[in-house]
Amino acid sequence: MENSQVVYVNTLAEGALIGNPEEITNKQLPAVARTWKKSAAVAHYRLFGTESVSLRGERKKFLIGDIGSAKIILPMDEEYSGVAAADNPERLLNYWISAVIDDFDLEDEANPVLILNRKKAIERLREINARRVVEGAQVYGVIQAEIRGGYIMNVGGFQALMPRSFYDWDTGLVGHIGEGFNVQVVSIGDNGPLVSRRDLLPNPFHAVRDRIQRGARVRAKITHVYNGLFKAEIRPGVRISISTPRMYRLLHVGDEVMVEVKGKNRREFYGVVI
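With UniProt numbering applied, the sequence shown covers 1 to 274.
Worth flagging that the hints you see were computed from the coordinates, not collected in a lab. Treat the hints loosely; a few may be bogus.
Between beta-carbon pairs, the in silico distance windows are [claimed, not checked]:
1. G149 / P30: 22 to 32 Å
2. G192 / L250: 32 to 42 Å
3. R126 / N182: 42 to 52 Å
BS3-like cross-link-like pairs, simulated, lysine-lysine; straight-line CA separation at most 27 Å [said to hold, decoys possible]:
4. K221 / K262
5. K37 / K60
6. K27 / K71
7. K71 / K120
8. K61 / K37
9. K231 / K264
10. K221 / K231
11. K37 / K27
12. K37 / K71
13. K37 / K119
14. K38 / K27
Backbone N, C-alpha and C define an ideal beta-carbon position, used for all residues, glycine too.
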């Protein structure tokens, strides 16, 4: 089980658990709190719940965590959490977050508190990585949510989309929330970067492309439909695009079919159902 009382310090992406985990001791806490606040150091923390906390005479609901030597709290207001008013800040409990120390209260030695600001940390990450997150670049990203057909990732502070098929050449493999890895920026649109993990991995197709010739008949399992074509796998990672000019039955994802190979491109075979 992961140790949520440590923190990671880096500017790769929100939730990037890269580098040595930092355990802040009681003795180190005052110096770390002052230094990190002054330098706006970006660190990655794990929150685990919510609580109504009285702070400076005002009781409000916060997201909370613990780093051993101190309690950490993140106000739910957008100016701190970075989560729009229409969204639910509690989704930040699903993964490690980036934050800077906005303030601290160390007067009660038995219960010191660090007040975090995620919005400032995200802005800092974007400022640092703006020139790195460009089309064709290789950058680090972390999965933060699963959506229909893909994943929402954080890449250098920017929200990015990775289609499920871009995770691996083997469509049987899937990603999970909190997983971090290098990705390639495929394109950048109005909604942010489109990224691919798969494109940085060896394509299994290259190992067999010269062994299966035009006219060969192969058995393949349909994995998905893309632009009106069925996509299938001959074996994990070795794909074939199928057209159906003589289709005598309805095909569905998961079906196994015989396909006659008509050719190949740089990434996969293509053929017709027989």
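Hint check results:
For G149 and P30, the hinted distance range of 22 to 32 Å is not satisfied, since their beta carbons lie about 48 Å from each other. The hinted range of 32 to 42 Å is satisfied by G192 and L250, whose Cβ atoms lie roughly 37 Å apart. Evaluation of the 42 to 52 Å hint for R126 and N182 yields a failure: the beta carbon distance comes to about 19 Å. For a cut-off of 27 Å, the pair hint linking K221 to K262 stands: about 17 Å separates their Cα positions.
About 22 Å separates the Cα atoms of K37 and K60, which keeps this hinted pair within 27 Å; it holds. The suggested pairing of K27 with K71 holds, with an alpha-carbon distance near 15 Å, which does not exceed 27 Å. The suggested pairing of K71 with K120 holds, with an alpha-carbon distance near 20 Å, which does not exceed 27 Å. For the proposed pair K61 and K37, the alpha carbon gap of about 22 Å is at most 27 Å, so the pair holds.
With a C-alpha separation of about 13 Å, the suggested pair K231 and K264 falls inside the 27 Å cut-off, and the hint holds. The hinted pair formed by K221 and K231 meets the criterion: a straight-line CA distance of about 8 Å does not exceed 27 Å. With a C-alpha separation of about 17 Å, the suggested pairing of K37 with K27 holds against the 27 Å cut-off. Between K37 and K71, the direct Cα distance comes to roughly 16 Å. Compliance with the 27 Å bound is thereby established for this hinted pair.
Note on K37 and K119: the hinted pairing holds, with a Cα-Cα distance of about 14 Å set against a maximum of 27 Å. Proposed proximity of K38 and K27 is supported: the alpha carbons are some 19 Å apart, at most 27 Å.
Violated hints, in rising order: 1 and 3; the structure is consistent with all others.
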